[in-house]
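Enquirer: Sequence:
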Amino acid sequence: MHIWRIAHGNLPTKKKLSSQGLGSDICPICNRWNLNNRRASMGGIPWVVIFAIACSSFWHWRNLVLYEEDFALPNDPTSIILSLADQYWTAASHCTNDPIQHIAPFNVKWDPPPVDWIKLNTDGTAYGNPGNAGCGGILRDHKGEWIGGFTSHIGSCSALDAELWGILKGLAFTKKKGLNSIMVECDSKEAITLIDKAKSSGFSFNQFINRIIMLASDIGRVTFLHNFREANTCADWLAKFSLSSNVGLVELADPPSDLMRFIARDKLGISSCRVGLV
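Under my numbering, the first residue of the sequence shown is numbered 4, with each subsequent residue one higher.
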């Protein structure tokens, strides 16, 4: 019955009641929005973009409330959403003459490797470019179970070098454990692209890349994959954790307690919504 009323325009929404002279269609909570906004734009940003950014932000904040004990909801979410929408629309407008046709929300999550494969997620972080840097990584099986992990404070380097350090140290850690059939995944598209190009040509001027390819060859079956940062939260946590001390490589037999909730989140297949050009 509810769906029938929606389909026939008989649901007593504030917009419908307002059109009959029964009150205002302005939202009683924010006193700013009404249903006509879905056909409008703000500052040249189409409503569909603002709506998609809002949905993505709400989902992101919801997950932070669940998994980050010290997270506090923003005091002015409207301003944050509009700012993100403006940044996105400005960038998208430079990518295509008709960006609205290519905008879509999509889900991003960590996926386990196939049976008999191991997934190595790595990440590097640098506060400054160059700046204080570290990296970290995590090994998991097809069930999402922890196999091992590492953190490493690097010193000072660029963000890209920190990502490459993470992959290099991750492969060395994997080789030390005697593992093979490895899916290496990180959120640096630039790093993965450089590795793929070097694999195709057989050579790179970047010594990091050459060492990575040699290590991968020693291990056996190794593939390199890019995924978005929302699917790389465990490695991201480990990379940031590496900056908490000046210790070099630290091999972890068991996951730190604060990392457990991110591992559990990945095992459950919980996704984050991302908006982008597709």
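Because the hints were derived from the structure by calculation, they are not lab data. Beta carbons are placed, not taken as given, at the ideal position from N, Cα and C, and that holds for glycine. Careful, some of the hints might be misleading.
To be verified - The following label-pair restraints were derived from C-beta to C-beta distances:
(1) Gly47 x Asp144: 41 to 51 angstroms
(2) Val68 x Ser204: 45 to 55 angstroms
(3) Ile83 x Glu148: 34 to 44 angstroms
(4) Pro80 x Lys180: 40 to 50 angstroms
(5) Ile273 x Asp144: 13 to 23 angstroms
(6) Glu148 x Val68: 44 to 54 angstroms
(7) Arg224 x Glu148: 13 to 23 angstroms
What the hints assert, rightly or not - Straight-line alpha carbon distances no greater than 27 angstroms define the calculated DSS-like cross-link-like pairs of lysine-lysine that follow:
(8) Lys202 x Lys180
(9) Lys178 x Lys192
(10) Lys178 x Lys243
(11) Lys146 x Lys178
(12) Lys146 x Lys243
(13) Lys270 x Lys200
(14) Lys179 x Lys202
(15) Lys200 x Lys178
(16) Lys270 x Lys178
(17) Lys270 x Lys146
(18) Lys192 x Lys112
(19) Lys179 x Lys146
Enquirer: Any of the earlier hints contradicted here, and which numbers?
Expert: 6 and 13
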